[in-house]
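Q: Sequence:
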Amino acid sequence: MADQQGSSGLGRGFTFVGRRQELDLLLAVTRRPPAVVMIEGEAGMGKSRLVREATEILKTEGWRVVTGFCCPLREPLPYGPVVDALGKVGPWLPATGLPPTAGALAPLLPDLADRLPPAPATPGHPGALRHQLIQAVRSVLDAVGRVILVVEDLHWADDATRELLLLLARDLPDQFVLVVTYRAEDLPPGAAALGAAYRPPPGASGTVIRLSPLTENDVTDLAGAALGSHATPELCAVLHRRSEGLPLVAEEDLITLRDQACRDVRELERAEVPAGLREAVTERLTSLSPIGAAVVDAAAVLAVPATEELLAEVAGLDGDAAAEGLVDALRAAVLRVTDSGRYTFRHVLAQQVAYRYIPWPRRARLHRRAIDELQTQGPLPLVQIARHTLATGDQEGWLDQIEQAVDQAVALGDTGTAATLLHRILDQPGVDTERRSRAALTLARIVNYGVDYAVTARELRTVLDDPQLPDAVRGEIRLGLGLVMLNLGADPAGFRELAHAVDELAATQPHKAAMAMFNLALNERDGAAAHAWDWQGRAERTVRDGADERSRRLAQINRLILMARDGDPAVWPLLDRLPRRDAAGAVPRDATYALYALAEVAIQLGHDQRAQALLREVEDLVEHAAHGRIECIPRVVELRLDWLAGRWTGLEEDYAALAHAHPDVKQINIDRALCRGHLALARGRRSLAHDHFTTATAAANGTSEVDVSIRIAAALAAFQLGEGDPQAAWAIAEPALSMLRGLRSWTRTMDLVPVSAEAALACGHHTLVERLVAEAESDLCDRDAPAASAELALARGVLLRATEPARAAEHFAEAQHTWQDIGRPYEVAKAAERQGEALTSSSPEDAAAHVADAARGFTELGATGDAARCQHRLHNLGVQTSRRPGRRGYGTQLSPRELEVAKLLADGATNQDIAQTLFLSPRTVEKHVARVLTKLGTERKGIQVDLPNSYRPGSHEPA
Numbered sequence: 001m002a003d004q005q006g007s008s009g010l011g012r013g014f015t016f017v018g019r020r021q022e023l024d025l026l027l028a029v030t031r032r033p034p035a036v037v038m039i040e041g042e043a044g045m046g047k048s049r050l051v052r053e054a055t056e057i058l059k060t061e062g063w064r065v066v067t068g069f070c071c072p073l074r075e076p077l078p079y080g081p082v083v084d085a086l087g088k089v090g091p092w093l094p095a096t097g098l099p100p101t102a103g104a105l106a107p108l109l110p111d112l113a114d115r116l117p118p119a120p121a122t123p124g125h126p127g128a129l130r131h132q133l134i135q136a137v138r139s140v141l142d143a144v145g146r147v148i149l150v151v152e153d154l155h156w157a158d159d160a161t162r163e164l165l166l167l168l169a170r171d172l173p174d175q176f177v178l179v180v181t182y183r184a185e186d187l188p189p190g191a192a193a194l195g196a197a198y199r200p201p202p203g204a205s206g207t208v209i210r211l212s213p214l215t216e217n218d219v220t221d222l223a224g225a226a227l228g229s230h231a232t233p234e235l236c237a238v239l240h241r242r243s244e245g246l247p248l249v250a251e252e253d254l255i256t257l258r259d260q261a262c263r264d265v266r267e268l269e270r271a272e273v274p275a276g277l278r279e280a281v282t283e284r285l286t287s288l289s290p291i292g293a294a295v296v297d298a299a300a301v302l303a304v305p306a307t308e309e310l311l312a313e314v315a316g317l318d319g320d321a322a323a324e325g326l327v328d329a330l331r332a333a334v335l336r337v338t339d340s341g342r343y344t345f346r347h348v349l350a351q352q353v354a355y356r357y358i359p360w361p362r363r364a365r366l367h368r369r370a371i372d373e374l375q376t377q378g379p380l381p382l383v384q385i386a387r388h389t390l391a392t393g394d395q396e397g398w399l400d401q402i403e404q405a406v407d408q409a410v411a412l413g414d415t416g417t418a419a420t421l422l423h424r425i426l427d428q429p430g431v432d433t434e435r436r437s438r439a440a441l442t443l444a445r446i447v448n449y450g451v452d453y454a455v456t457a458r459e460l461r462t463v464l465d466d467p468q469l470p471d472a473v474r475g476e477i478r479l480g481l482g483l484v485m486l487n488l489g490a491d492p493a494g495f496r497e498l499a500h501a502v503d504e505l506a507a508t509q510p511h512k513a514a515m516a517m518f519n520l521a522l523n524e525r526d527g528a529a530a531h532a533w534d535w536q537g538r539a540e541r542t543v544r545d546g547a548d549e550r551s552r553r554l555a556q557i558n559r560l561i562l563m564a565r566d567g568d569p570a571v572w573p574l575l576d577r578l579p580r581r582d583a584a585g586a587v588p589r590d591a592t593y594a595l596y597a598l599a600e601v602a603i604q605l606g607h608d609q610r611a612q613a614l615l616r617e618v619e620d621l622v623e624h625a626a627h628g629r630i631e632c633i634p635r636v637v638e639l640r641l642d643w644l645a646g647r648w649t650g651l652e653e654d655y656a657a658l659a660h661a662h663p664d665v666k667q668i669n670i671d672r673a674l675c676r677g678h679l680a681l682a683r684g685r686r687s688l689a690h691d692h693f694t695t696a697t698a699a700a701n702g703t704s705e706v707d708v709s710i711r712i713a714a715a716l717a718a719f720q721l722g723e724g725d726p727q728a729a730w731a732i733a734e735p736a737l738s739m740l741r742g743l744r745s746w747t748r749t750m751d752l753v754p755v756s757a758e759a760a761l762a763c764g765h766h767t768l769v770e771r772l773v774a775e776a777e778s779d780l781c782d783r784d785a786p787a788a789s790a791e792l793a794l795a796r797g798v799l800l801r802a803t804e805p806a807r808a809a810e811h812f813a814e815a816q817h818t819w820q821d822i823g824r825p826y827e828v829a830k831a832a833e834r835q836g837e838a839l840t841s842s843s844p845e846d847a848a849a850h851v852a853d854a855a856r857g858f859t860e861l862g863a864t865g866d867a868a869r870c871q872h873r874l875h876n877l878g879v880q881t882s883r884r885p886g887r888r889g890y891g892t893q894l895s896p897r898e899l900e901v902a903k904l905l906a907d908g909a910t911n912q913d914i915a916q917t918l919f920l921s922p923r924t925v926e927k928h929v930a931r932v933l934t935k936l937g938t939e940r941k942g943i944q945v946d947l948p949n950s951y952r953p954g955s956h957e958p959a
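Residues in the sequence shown are numbered from 1 upward in steps of one, following this note's numbering.
The set of hints was computed from the structure by calculation and includes no laboratory data.
Beta carbons: idealized from backbone N, C-alpha and C, even for Gly.
A couple of the hints might just be wrong.
Unchecked claim - With beta-carbon atoms standing in for the labels, derived distance ranges: (1) A570 x E652: 37 to 43 Å; (2) Q727 x E42: 52 to 58 Å; (3) T307 x W360: 23 to 29 Å; (4) D548 x R856: 53 to 59 Å; (5) A28 x A762: 57 to 63 Å; (6) A570 x A95: 52 to 58 Å; (7) E617 x A113: 34 to 40 Å; (8) A95 x P569: 53 to 59 Å; (9) A493 x R577: 32 to 38 Å; (10) E549 x A762: 52 to 58 Å; (11) E42 x G546: 50 to 56 Å; (12) W360 x P467: 55 to 61 Å; (13) A762 x E617: 39 to 45 Å; (14) R577 x G650: 33 to 39 Å.
Could you put together the complete structure from these sequences and hints?
A: Structure follows, in structure tokens:
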């Protein structure tokens, strides 16, 4: 492993020890782009050294490397660490051929403006601006070719930078590798390094490398390279104990041992760990000349990489003296030079030690000098000035500077830095009510754009508890709290906050009160839908004569959504006339939201083709007005349409890929679990289906979306009916019916009505079912809701099946034709099976024809469990299926029954699943399974591989 050996010596040249396995892994993953590598370790653990070793090797292989640094005192600059890194790609950019999207970086990279296309128009919405920037970053990275972006100290990144990196990591350029380092203990509470749980998308490599302390052997190797024969076993043992394997502490001790020619083990042993680092740094500080100490003091006070000129001014030295002091500090390994030519400490811990070493009067004087010098820079580094102001004891001045820095960050679109600064104001004790109100108001206004939900909600609630808060201010803060609770936390309690906000805002800020009303109009929990049009009417009256164009547009969109929910056929022509772009040609985010929301309702109504068309529109528009959530949610709905349309091939893989790319989006996890449950049930894997439905229930716990709760209840009730437990099914369906009634109309029944009728009848509640059918029938008159009409026909058939089977079959046929028109083949097959079931006694031949149609439909879909049930029905009807008359020996070939068993095994069915699906005894199933495995020469876990493709579920049987 010669390519992994660093040079020997001290400072940056310490021998690279240990970490061989981690280095091999980092190199291996990076050499398979695209990739994301996350390197985790506490302060001083050697994260940066590992990255440096790897990138030096990779540079010799043609890789280009750019590095950005996060720091706790970064001035507002949108996505600063990423922009800083991209500023170094100039020499690698092509002279021509960059796509126009790359021009969005030109305002942020003025030194490269002549190499980039012209900057496009700046979108007015932060989500669109963020999307424009991510496209620009991808374009530049694509143009550079094989490039590694290193982002150091990600724990100090603002939320907006984290979100940018997360979006980039979810859609990686082909020849790109992202490497981030971070300290897990310094991440925001409960946060992941990239702001959300991350797994590489399909086709990408990725790993998390967690660095552990060096072993005693590693420290011995390190000391031997630095001290030669003076590195005795006793000395190395003490070094390891003092450092606890932390490379930084061991290196600091080795520097001290070298500089003082000290080899006394007893002396070294007397210092307590973790004081070793402080003592090592302090020893070097005391060895500095007066001018060296002055430069180091200035660097410690500034706390960020600084130029020689700034250090000289703060230290109060002329140019020559400052240069001499810097040489002294560098020689003593107290400071180092960054790639950009600035000076800083070798590690943040060393800076903290040096800062505490400065006596208070001198420290305060240095902070005041720093303020004076920083105020001459442009643009003003307000965050740094604020820190120095606070350090002098001037809290009011600090707050003034922080507020200015917030305004600067918001103006630049850097909402991540703005949120971080606002949290500092709100966390500071003793801040007056007016200033806290201003901070909370600003936070409430940016709350939907990449800020920490839990922290923000807690702080907004704390501000709302202040009894001196004016009503207008309280209302706007409460509006922000309610929206973040609903949009980010899916917490229905957010509606209560919005209702309070309406009262607090109505008199002074009516257009903001209307914003709360629009959201309240869409609330369907706990009977709130009965007041939907009241809220809508009140909101429309509020904004009718106002000057706020967006409020009027939202009023129009809200009205369309409510009309669609009511099954009003007039909604669709009105939607066609809804403008997709504003007067300037830009795509408002509201338009994208409207199309997506109405696509959701269209599916619930049974307008699947219209929903598909709307989603195609959303895909087109999202390129111009994107937001992380808006980008992925339409894809969830598309996959739900794939399930309903019978496009099952690869569906589970598509859901898995989407869940991997967006693990933090609750709706993906709910829909995925429901889809997997339905697929498992159709394939006869009943126990697995129950597991998936249970997962969906847990994922949806506390959701504000009633339709999700109804869909899950319908699935679980159907499962219990299949298990032969109608009591359990009715216990699930009955409260769900109450939720359905709370929606004000029966237009969006979402599979619940027929399964409720089936369960109630099986429990002897005939009158309840009659009332249910009459209620739905009365409500659906003149409403445009094809799916609900099909479900009503099924419920009518279920009600008449025992007494008037011929009429029941007619209702099932009506449902079958409606499902056919909608485009849901699985529902078509189930309705055909119900027809056959209804006609079994009165017309066996017709019954067999319908069941055979159902069996064909199920087989084409790959619903092996349902197909097997139909084959069993046909057998009971005396219809000859694929089995030949009489018994015969099949030798090593699978018999028809064994083939059915094998297909279910390949789908992962348990013996109990197979027994229930094929109507066999457990003992018979055991015999069939044993013969299948023997004939295929495999074990149960290998049957998916060893079952011939032509026999696989979803394939046609060989002739």
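Q: Which hint numbers does the structure go against, in order from smallest to largest?
A: Structure breaks hint 12 only.
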